[in-house]
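What follows is the residue order along each chain.
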Amino acid sequence: MSEPPRVVQEDIERIFREEYGRAVSVLTRAVGDIDTAEEAVQTAFASAVERWPVAGMPPSPIAWIITAARNWAIDRFRRESTRDERHAEAMMRFEHDEPDDEDTLIRDDQLRMIFTCCHPALAEDVRVALTLRLLGGLTTAEIARAFFVPEPTMSQRLVRAKGKIRDARIPFELPSDEDIGRRMSGVLAVVYLIFNEGYSASGGAELVRDDLCREAIRLGRLLAALVPDEPEVLGLLALMLLIDARRDARTTNDGTLIPLHEQDRARWKHERIDEGQSIVRECLRRNRPGPYQLQAAINAVHSDATTAEDTDWTQILALYDLQMDIAPTPIVELNRAVVVAEIDGPATALAIVDRLGLADYRVYHAIRADLLRRLGQTEDAATAYRLAIALVGNDGERAYLDERLRSLSSRA
Amino acid sequence: MKMYLLSVYQPDGPIPAPDVLSKIMKDVDAVNRDMKTANNWVFTAGLHAPSTATVIRSKNGQAAMTDGPFVEGKEHLGGFTVIRAPDLDVALKWGQRLAEATTLPIEVRPLQGEGD
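Protein chains in written order, with the working numbering: chain A, 16 to 427; chain B, 57 to 172.
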């Protein structure tokens, strides 16, 4: 007999990170309760830590974990079923639960979990936290760090959320056909929020936090695998890949932000760009455009240009116009104005920007500042930079804006 | 099945004009009828104005009464419906119907007990 493969602590940690969400999703359907499911899966991982280094890695670690977690839950229900009807019901489910196609079932369970975590009856920050915990397998401490809240606060938020899911009986089900579109866009919003928080942290010293970006892309891939027919799901994945490709080029060594047109394009990750662009092409073929697909397409056009001067602004403007047709928002109009500045000049763009009531949005002031600078209105540009700086949360973006403000006064 | 309380919150102040009110009452009746048909309806009540309320406290076996509602605010509980539903999604669907009919915000809240 050959030696069992060596198992080290890191392997188990990696498997925990990768498979925790899947295992909890499956167990939640089986036991009907997230808390019990988590306890079962955590217990299973705890015995894996003891067993695997001795007996070797099982051929399918996820199957091993799910079986161990089920057995633990069955034992518990046996003990408790005499006094609790609900546990007796769960017991019944277990005994009749002999799936023919384990993989399909696991996929559906994960999708159920995504819709439960992103249920509209839960507050947005709660949806994000639950998704990272129950699908991403991030620890409470990691989520707390990511959102700059003390660990007990995050822990309480998660406990309260799971309490609401249980007591208000938020269903662990796929939404009805009638609701699925709206519910799916809620899910995509949560994933994109996680990505954006990772890519442009709202506070703190690091501009980019790789863990959140990686997690959001992983969730995006998961969704794309679960619902391959929904082009907006692919659009979001492509968008994240194309933006993430520029990660290394996006900051200087000291963490200062570098805007798109000043980035060293050789430092872009071309594998990611290729993948993102091929997904965009796949989306376009389906001809059911949506906001994420259009944003992805815009980023794909940027990625095509070998230098900033080569950017096909006309094509980008057409994509923004399309987005204004199907899903107009002031933010889209603001970003469209940046493109207008490249084609018709900063004065036309400024006229558009000044109509938008976005005084609470730092990017609005940064864009205005840049347009005013280009028009030679140095005083007004300086005021706008200061407004942007007052609203910025993270150090990298602040450093960039500070530098712009300084260069402004040295020119004047 | 689980029970949910759907509470209607209405702003303090004058009630809507008769024709507006009668349309609202008709719409609410229709929702109640649909709840009954769907076997989700348990109980419905509309409440008199908060000014008709009395709060009573028991202290050393003695009743102390105050005239008026327990909580003073800009809104008050105007009425409520209790429904029986398999899960929150079904309860929220009825909550939405009721919000449309009453033109007011509806709080959906699970009852303890049954189905817990």
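Rather than coming from a laboratory, the hints here were simulated on the basis of the structure. Computed from a predicted structure; not experimentally measured. Please note that a few of the clues may not be correct.
Pairwise CB distance ranges, derived in the manner of DEER restraints [unchecked claim]:
1) E128(B) - I195(A): 38 to 46 angstroms
2) F163(A) - P142(B): 44 to 52 angstroms
3) L61(B) - G196(A): 25 to 33 angstroms
4) E418(A) - L61(B): 29 to 37 angstroms
5) I195(A) - L77(B): 31 to 39 angstroms
6) Q152(B) - G372(A): 28 to 36 angstroms
7) G408(A) - P161(B): 31 to 39 angstroms
8) T93(B) - A70(A): 26 to 34 angstroms
9) E193(A) - L77(B): 28 to 36 angstroms
10) L77(B) - E357(A): 52 to 60 angstroms
11) T154(A) - P142(B): 53 to 61 angstroms
12) D417(A) - P72(B): 54 to 62 angstroms
13) L61(B) - R282(A): 54 to 62 angstroms
Heads up, the beta-carbon is just placed ideally off N, CA and C, and yes, glycines get one too.
Structure-based check of all given hints:
1. E128(B) - I195(A): 38 to 46 angstroms: holds, 43 angstroms
2. F163(A) - P142(B): 44 to 52 angstroms: Given a distance of about 39 angstroms, which is not inside 44 to 52 angstroms, the answer is violated.
3. L61(B) - G196(A): 25 to 33 angstroms: Roughly 30 angstroms apart at Cβ, these two residues keep to the hinted range, so it holds.
4. E418(A) - L61(B): 29 to 37 angstroms: This hint is violated: roughly 57 angstroms between Cβ atoms.
5. I195(A) - L77(B): 31 to 39 angstroms: holds, 37 angstroms
6. Q152(B) - G372(A): 28 to 36 angstroms: holds, 30 angstroms
7. G408(A) - P161(B): 31 to 39 angstroms: About 32 angstroms separates the Cβ atoms of G408(A) and P161(B), which means 31 to 39 angstroms holds.
8. T93(B) - A70(A): 26 to 34 angstroms: About 59 angstroms separates the Cβ atoms of T93(B) and A70(A), which means 26 to 34 angstroms is violated.
9. E193(A) - L77(B): 28 to 36 angstroms: With Cβ atoms ~31 angstroms apart, the hint holds.
10. L77(B) - E357(A): 52 to 60 angstroms: The hinted range 52 to 60 angstroms holds for L77(B) and E357(A), with Cβ atoms some 57 angstroms apart.
11. T154(A) - P142(B): 53 to 61 angstroms: violated, 34 angstroms
12. D417(A) - P72(B): 54 to 62 angstroms: At 56 angstroms between Cβs, range holds.
13. L61(B) - R282(A): 54 to 62 angstroms: With a Cβ separation near 58 angstroms, L61(B) and R282(A) satisfy 54 to 62 angstroms, so the hint holds.
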